[in-house]
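Produce the entire structure from the sequences given, and follow the hints as far as they go.
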Amino acid sequence: SVAYKLVGFAPQLDWKPLHFVRPIPSDRICSACGLVRRMAASLPCAHVLCQSCYGQCARDGAHVCPLDGLKCADEIINWKELPAEELLEREVRCWNQVNGCSAVMAAG
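Counting along the sequence shown from 1, when you hit position 63 you're at 63 in the UniProt record's numbering, and nothing is skipped either side.
Hints in this document: simulated from the structure, not taken from any laboratory. Any given hint could turn out to be false.
Stated by the list, open to error - Under the rule of at most 25 Å between Cα atoms (straight-line distance), these lysine-lysine pairs were calculated in the PhoX-like manner:
1. Lys16 <-> Lys80
2. Lys5 <-> Lys16
3. Lys5 <-> Lys80
Pasting the structure below:
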């Protein structure tokens with residue numbers, strides 16, 4: 001299983017590492033901070049930024065990818081929303097997995 005930290009889907013899950021049975025698609029994970037948020041910007045350089053990281057990259061009327069320095073105009077950014085229902089239906093392993101719990105349940 002792969003652990004991810006979610007932000008903005010459900011208060012009881014925010015900032016806690018969840019061990020998903022199947023990996024979350026890479027186009028939903030911020031390339032800069034590693035968080036999974038509801039909205040993600042796909043940049044032309046193939047990196048993905050959450051709204052928070054994207055907002056911090058504004059430079060001279062455009063945005064600059066913090067990973068490779070590519071300058072991107074806002075109008076060419078492809079924003080994607082990850083519906084909460086879709087994410088919360090995915091299976092996760094119990095938080096107590098390290099102590100032997102083998103339970104698997106829906107994230108939400």
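Now the hints, each set against the structure:
Between lysine 16 and lysine 80, the direct Cα distance comes to roughly 23 Å. Compliance with the 25 Å bound is thereby established for this hinted pair. Distance check on the hinted pair: lysine 5 and lysine 16 sit about 6 Å apart at the alpha-carbon level, within 25 Å; holds. Between lysine 5 and lysine 80 the CA atoms are separated by roughly 18 Å; this keeps the pair inside 25 Å, and the hint holds.
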